[in-house]
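Novice: Each chain, written out:
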Amino acid sequence: MYPSRFRYEAPRSLDEAITLLREGGDDAKVLAGGQSLVPLMKLRFASPELIVDINNLPGLDYHREDPDGTLHVGALCRHVDLERSELLKSKQPTMAAAAPLIADPIVRNRGTLVGSLCHADPQGDWASVALALGGSIVAHGPGGRRTIKVADFVTGPFQNVLEPDEIAVEAIIPAARGARAGGYLKLERRVGDFATVGVAVAIETSGDTVTRAGIALTGVGGSTIGATAAAEALVGEPLTEQKIELAAQLAADVSRPRTDHRGSAEYKRHIVHTFVVRLLSRADGFAERAA
Amino acid sequence: MTIVYDDEPDADEIPVRRIRFTINGAKKVAEVEPRLLLAHLIRQGLKLTGTHTGCDTTNCGACTVLVDGKPVKSCTMLAVQVDGHEITTVEGLATASELHPLQEGFKEEHGLQCGFCTPGMMLAAKALLDHNPDPTEEDVRWALSGNLCRCTGYQNIVKSVLWAAEKLRS
Chain A
1 MYPSRFRYEA PRSLDEAITL LREGGDDAKV LAGGQSLVPL MKLRFASPEL
51 IVDINNLPGL DYHREDPDGT LHVGALCRHV DLERSELLKS KQPTMAAAAP
101 LIADPIVRNR GTLVGSLCHA DPQGDWASVA LALGGSIVAH GPGGRRTIKV
151 ADFVTGPFQN VLEPDEIAVE AIIPAARGAR AGGYLKLERR VGDFATVGVA
201 VAIETSGDTV TRAGIALTGV GGSTIGATAA AEALVGEPLT EQKIELAAQL
251 AADVSRPRTD HRGSAEYKRH IVHTFVVRLL SRADGFAERA A
Chain B
1 MTIVYDDEPD ADEIPVRRIR FTINGAKKVA EVEPRLLLAH LIRQGLKLTG
51 THTGCDTTNC GACTVLVDGK PVKSCTMLAV QVDGHEITTV EGLATASELH
101 PLQEGFKEEH GLQCGFCTPG MMLAAKALLD HNPDPTEEDV RWALSGNLCR
151 CTGYQNIVKS VLWAAEKLRS
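Protein chains in written order, with the numbering used here: chain A, 1 to 291; chain B, 1 to 170.
By construction, these hints were calculated from the structure, which means they are not laboratory data.
Take these hints with a grain of salt, some might be off.
Unchecked claim - Computed list of lysine-lysine pairs in DSSO-like fashion (alpha-carbon distance at most 30 angstroms, straight line): (1) A:K29 x A:K42; (2) A:K89 x B:K47; (3) A:K243 x A:K91; (4) A:K29 x B:K70; (5) A:K29 x A:K149; (6) B:K47 x B:K28; (7) B:K70 x B:K167; (8) A:K29 x B:K28; (9) B:K47 x B:K107; (10) B:K107 x B:K167; (11) A:K91 x B:K70; (12) A:K149 x A:K89; (13) B:K70 x B:K159; (14) B:K27 x B:K47; (15) B:K47 x B:K70; (16) A:K91 x A:K29; (17) B:K70 x B:K28; (18) B:K107 x B:K159; (19) B:K70 x B:K107; (20) A:K42 x B:K47; (21) B:K70 x B:K27; (22) B:K27 x A:K42; (23) B:K70 x A:K42; (24) B:K28 x A:K42.
Claimed, not checked - Okay, the calculated bits of chain A under chain B, using three or more residues with CB under 8 angstroms as the criterion: (25) 48 to 55; (26) 103 to 117.
As the list claims (entries may be wrong) - Pair by pair, the computed Cβ-Cβ distance ranges are: (27) B:S170 x A:P142: 54 to 64 angstroms; (28) A:E65 x B:K28: 38 to 48 angstroms; (29) A:P164 x B:D134: 43 to 53 angstroms; (30) A:A265 x B:E138: 30 to 40 angstroms; (31) B:H85 x A:E188: 25 to 35 angstroms; (32) A:P164 x B:D130: 32 to 42 angstroms; (33) B:R169 x A:E65: 32 to 42 angstroms.
From the three backbone atoms N, C-alpha and C, an ideal C-beta is built for every residue, glycine too.
If we strip away everything but chain A, and leave its shape as in the complex, we get (with noise of 0.2 angstroms):
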């Protein structure tokens, strides 16, 4: 299999990215990690006429701190470097939980968590925890930058709010105001396929008190599902047994699963109920503390 003919441009600056991008509208695609967008041209489903090629960018690849605990993800960071990332282990237990179930050893060289989250694949991993974490997107345009709430970025599959003249140049994640804790876990066939259940966990806590949760779904319904009723049920109060069977219960409430090659409805429901007790439990030896 081959993509259609397309014209490859492969600028060295932002602007002239930019300006690629707005002679080709909507007829033009950005190149990323290229590991959804390489496929789905090779299946046609995408047939973009301009691939603009933005691995020669300079200084995109990056993710790093602020001194306030904002992260900062560039659009050519690898899965692989976030799989690594010795900041993640230490301070992003969701993200550093999630990075080495991406795909799999091999894609993540090439895959970026940018582009994931551009892509807007309802089964992505990424989007859930950039949800659960109340990440945004920045995207840089010919008019400047704006940012944008992962929340409202994703339109629907496939879909995001970006123009065709704007490049998601780098993905944040807010700092915590507690301690954080969290987890993602993924239930999935073998290596590398979609997850049958993804479950992301990011609740930060001060003392015993839950001061602000995040709970999101993969794979569970049409899009990204984030478990907002789950979270609040959590807020304001000890991680206690009971508070953590409630936001279980609510999540996989508000999951939407459908029977399929993967397993039952019913099966993937109670997937998400085992999945949000699991991440809640071990959070952080936090629930042992508060019981």
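Fit chain B to the known structure of chain A by using the hints.
Specialist: Below, chain B alone, put in the same frame as chain A:
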């Protein structure tokens, strides 16, 4: 390298780019259409048929090659993207007189049956050993988890890589 196109009305419009790259230590120049995949550049353009295309859908890892030392699925990268970069294929592992320890390991430990996945396995394993010379069995299984084998059940592939790791350390 020659690329022959059908003489369609728009033949003059076909965008062709000149790229320079290194493959298995040899410097090359190629003129490629942007939609040419790296796997096709390697197999058809360079006639290096040790790189296999298996699933052609980014699943199986048979087409794995190293680009700047990192394993990538060559069916999922455009050939134009290797401009200025360095590629290693399975043909680049052995020297004129000696097999690479990984190749020896696969021979010693019976790490292959049909052999179709083997080049991809070896290159994924090479990247692991370059980065971690003393891997555990779990490390090996983890590093090879993007490469499918339908014959062996993986047991002997893992043993082969551990054999090579030991040989490389001694």
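Novice: For the pair we were handed, K29 (chain A) and K70 (chain B), check the Cα-Cα distance against 30 angstroms.
Specialist: 25 angstroms, holds
Novice: Quick one, are K91 (chain A) and K70 (chain B) close enough, alpha carbons at most 30 angstroms?
Specialist: 27 angstroms, holds
Novice: Do the alpha carbons of K28 (chain B) and K42 (chain A) lie within 30 angstroms of each other, as the hint requires?
Specialist: 26 angstroms, holds
Novice: K29 (chain A) and K149 (chain A): Cα distance at most 30 angstroms?
Specialist: 22 angstroms, holds
Novice: Between P164 (chain A) and D134 (chain B), is the Cβ distance one that fits in 43 to 53 angstroms?
Specialist: 50 angstroms, holds
Novice: Under a C-beta cut-off of less than 8 angstroms, do 3 or more residues of the stretch 103 to 117 of chain A approach chain B closely enough to confirm the stated coverage?
Specialist: holds (count 7)
Novice: Quick one, are K27 (chain B) and K47 (chain B) close enough, alpha carbons at most 30 angstroms?
Specialist: Cα-Cα ~15 angstroms, so holds.
Novice: Within 30 angstroms, alpha carbon to alpha carbon, are K107 (chain B) and K159 (chain B)?
Specialist: 11 angstroms, holds
Novice: Need the status of pair K70 (chain B), K27 (chain B): alpha-carbon distance at most 30 angstroms?
Specialist: Measuring from Cα to Cα gives roughly 19 angstroms; hence the hint holds.
Novice: If you draw a straight line from the CA of K70 (chain B) to the CA of K28 (chain B), is it 30 angstroms or shorter?
Specialist: 20 angstroms, holds
Novice: Honestly, do P164 (chain A) and D130 (chain B) meet the 32 to 42 angstroms range at C-beta?
Specialist: Holds, since P164 (chain A) and D130 (chain B) (Cβ atoms, about 41 angstroms apart) stay within the stated range.
Novice: Are the Cα positions of K149 (chain A) and K89 (chain A) separated by 30 angstroms at most?
Specialist: With a Cα-Cα distance of about 24 angstroms, the restraint between K149 (chain A) and K89 (chain A) holds, given a limit of 30 angstroms.
Comparing the model with each numbered hint stated earlier shows that hints 2 and 16 do not hold.
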